[in-house]
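A.B. asks: Going down the list, the protein sequences come from chains A and B.
Quick note on numbering: the first sequence equals residues 1 to 222 in our numbering.
Quick note on numbering: the second sequence equals residues 1 to 81 in our numbering.
Treat each hint with caution, since some may be false.
[Claimed, not checked] Here are the simulated lysine-lysine pairs, DSBU-like style, with alpha carbons at most 30 angstroms apart:
#1 B:K10 with A:K2
#2 A:K34 with B:K40
#3 A:K109 with B:K2
#4 A:K34 with B:K64
#5 B:K10 with A:K34
Simulated from the structure, these hints should not be mistaken for laboratory data.
Everything numeric in this text was worked out from a predicted model, so none of it was measured.
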Amino acid sequence: MKAAVITFPGSNCDRDLAVAFEQAGAEVVRVWHKNTALPDGVDVVGLPGGFSYGDHLRCGAIAAHSPIGTAIAAHARTGGYVLGVCNGFQVLLEMGLLPGALLRNAGLKFVCKPVALNVATTDSAFTGGYGQGAQITVPVAHHDGNFTADADTVARLQGDGRVAFTYAQNPNGSDGDIAGILSENRRVLGMMPHPERALDAAQGSADGRALFAGLVGAFVPG
Amino acid sequence: MKMRVIVTLKPGVLDPQGEAVRHALGSLGFDGVNKVRQGKMIELDLAENDPARAEEQARAMCEKLLANTVIESYALEPLEG
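Bound conformation, chain A alone (with noise of 0.2 angstroms):
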């Protein structure tokens, strides 16, 4: 399996995410936001988490607009996989792969630490590898993670089993506490928290590793 970890200018994510797909056994590569192409043979698309772009305009606007950004929503539209974590996340709202907006933060402060969440599906090759109603614990570090969307797409998301995660305390205001979404097909999760922050017990959680190897896992024949 082979996955593309994007660097945009502001991006401080980068090397962990590709750190942990290597781990699952997955083969990276880095893309600078400059190309225009993807690499041949990808398969997951990562989008880090990191202040793109310096935040200008709105957290990962301009990022949607880069010129990798039309080549990765080819990839997502084509079938591919793409994981956006915290700021990837905010790339992937502004691209409109994943429905809503994530808001300031309610408590207008930017919130740094581990959080408990729960895994709201296990339906997905991103959360396959956890077991039915887990709670896990991954960092959160942001200050515009407040997922807001109009009281039908929520509905829609829950409906269809398209949240991915929630937030056992919700520590930044969104609505139904919603943490992380899954695109209609499946294969495009944004989340707020970062698994690649929690792959090791002295990270103070391995929570996150399930992820990673659950999705280079999903790629296996057979």
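Add chain B to chain A, keeping to what the hints say.
C.D. replies: Showing chain B alone in chain A's frame:
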């Protein structure tokens, strides 16, 4: 010609920053501020001099990049000079 773009959160979308400003105004003694909504102002200096075409361009820019129409609305205002 110049075009001013005002981007604001749509009615009904919570504005935590506006709410914080309202609290701060209250603590400074400005009573009677029922609501504060904040947004951003963008000034475009366009090569186009025809007002209708300039507005059409600015509208396309708003739809594509300047506003996130999921949560924001925008207003355009042509500027003199």
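A.B. asks: Need the list of violated hint numbers for this structure, in ascending order.
C.D. replies: 1, 3 and 5
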